[in-house]
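K.L.:
Residue strings, one per chain:
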Amino acid sequence: MSIRGFFPALPALILLLAFFLFPVVRMLGFSVEAGTLDWYAKALGEGLYLQVFWNTFEIALLVTGFCLLLGYPLGFLIATTTPTWATLGFIFVLLPLWTSVLVRTYAWMVLLGRNGIVNRWLLDAGIISDPLPLLHNFTGVLIGMVHVLLPYMVLPIYGAVRRLDPAIAAAAQGLGASNWRIFWRIYIPLTLNGIFAGSVLVFVLSLGFFITPALLGGGRVMMIAVLIEQQVRETLNWPFAAALSFVLLAFTFAVYALAQRFTRLEGNT
Amino acid sequence: MSRRLLAAACGLIYFFLMLPLLVVFPLSLSSAPYMQFPPPGLSWQWYERYLDDPQWIDATWRSLYIGGATAVLALALGVPLAFSLTRGRFPGRALVDRLALAPIIVPTIILSVAVYGLFAKLKLIGAWYGLVVAHTVLALPFVVLVMTAGLRDFDRGLEQAAAGLGASRTSTLLRITLPLLRPSLVSAGLLAFISSFDELVVALFLAGPNMTLPKKMFDNIMMEIDPTIAAVSVMQILLVTLVMILIGRFGRGLRGSAR
Chain A
1 MSIRGFFPAL
11 PALILLLAFF
21 LFPVVRMLGF
31 SVEAGTLDWY
41 AKALGEGLYL
51 QVFWNTFEIA
61 LLVTGFCLLL
71 GYPLGFLIAT
81 TTPTWATLGF
91 IFVLLPLWTS
101 VLVRTYAWMV
111 LLGRNGIVNR
121 WLLDAGIISD
131 PLPLLHNFTG
141 VLIGMVHVLL
151 PYMVLPIYGA
161 VRRLDPAIAA
171 AAQGLGASNW
181 RIFWRIYIPL
191 TLNGIFAGSV
201 LVFVLSLGFF
211 ITPALLGGGR
221 VMMIAVLIEQ
231 QVRETLNWPF
241 AAALSFVLLA
251 FTFAVYALAQ
261 RFTRLEGNT
Chain B
1 MSRRLLAAAC
11 GLIYFFLMLP
21 LLVVFPLSLS
31 SAPYMQFPPP
41 GLSWQWYERY
51 LDDPQWIDAT
61 WRSLYIGGAT
71 AVLALALGVP
81 LAFSLTRGRF
91 PGRALVDRLA
101 LAPIIVPTII
111 LSVAVYGLFA
121 KLKLIGAWYG
131 LVVAHTVLAL
141 PFVVLVMTAG
151 LRDFDRGLEQ
161 AAAGLGASRT
171 STLLRITLPL
181 LRPSLVSAGL
191 LAFISSFDEL
201 VVALFLAGPN
211 MTLPKKMFDN
221 IMMEIDPTIA
231 AVSVMQILLV
241 TLVMILIGRF
251 GRGLRGSAR
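Protein chains in written order, with the working numbering: chain A, 1 to 269; chain B, 1 to 259.
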């Protein structure tokens, strides 16, 4: 068998094996060090921890839903507008994407606090009479995560709308279909690939989120990544952290594998 | 008509996207001693406080050189890897491809905790090169994605022409292939730099007492929110803008690097 062109990959492969695959496998080994599955029973059996998994799942699902709701119009607009507007539209999606998650999370803390800017605006406008609880709770985490992950939804949807032949929509219009009908019967079905790719990406990334729930949740919204961090840094319970990591990893891969069965996820998502 | 409705909806969504970026600008120039919005007056005091604090400056330098070293290492390893993945024919190539992109999918917290366990054993916690190695693992997928896209669009006829005219393989690579790939190389390198410069979760575990900029920011946010953070945020946003301009000017274009 020929191995043409293998050797240039070797240095990177060694790095990935030594500092990625090996440490992860090594850590996962801690979870079964005692020769039993007790730590898994604890992770998946005790109500407290099961609740954390459920929270994580629920948040990931909601974040994906909101990202889709906000991301589709954006991706659609950028893909169908003039090149100049499209470039501008892109810049304002990529600028937040590349701004540090920490900066954005900090800004949301300023915006969402009890005396924060959003509450002040709403109070001054007379929309509410008491400040809304937006920070250190579920709502805050949700807003922060949707903001961080929205660009990951916009880009694949943009790609899908872009690949669509505009003649199809034009033909439907010529045959008398309303805009609304064209949207639901042509654009949505023909861009399902992009919708799917974006949703899977956002969902999978949400599952392992750490910074946003740690800061905007204020210790009151427990997600699985936050729990793992606590187990390692505060409780020093390595076997349990390893078991939790393995469950998270297995779930992440399962979602991914399932998604790949339905569509071919290209590297460009 | 419905087009106008779409544009209006998107205007609101853009407002949501840009609001956190815009709000730190007035905050960073506030003359109030604590968080107050709108600021009662303007001053540069938070920028001065940042510049006068050796801890902040120290953390900034550390993040800059760790980011630079990460970009160099990720390019040195990732570019040959991308060549292998697009042009090589060997058993297990698909597997190598999966492994190289896996750091995007595997939650960063898992990588961090795992590498933390290993580095604690090797006494590498707090070593800057330890962070560079871990950040390179995270940056490698970006380099591979950008470079394989660049290589797929590459016209190999140009290399054949060079070879036909008597150029050696090395000089073809150095004088034809790599110069033509420069836009991809620029994008990949800048992306690798930014990914390391912004990285918090790995640094939280591996940096030890040697703060990186994101870790210093995290600790500050946890302890007391003063507008120094806003000043640092503004500088971070300006740096990212600069990097985007550089990619737009010398890189593979915004759309090319985004996908």
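No lab work stands behind these hints: they were computed from the structure.
Just so you know, not all the hints are guaranteed correct.
Some chain B residues close to chain A (C-beta under 8 angstroms, calculated; not the full set) [said to hold, decoys possible]:
#	residue
1	L29
2	G78
3	I109
4	V113
5	L158
6	V201
Cβ atoms here follow ideal geometry from the backbone N, Cα and C, with glycine treated the same way.
K.L.:
Look at each hint and say if it fits the structure.
P.N.:
Comparing the hints with the structure gives:
no., hint, verdict
1, L29, "violated (14 angstroms)"
2, G78, "holds (6 angstroms)"
3, I109, "holds (4 angstroms)"
4, V113, "holds (5 angstroms)"
5, L158, "violated (19 angstroms)"
6, V201, "holds (5 angstroms)"
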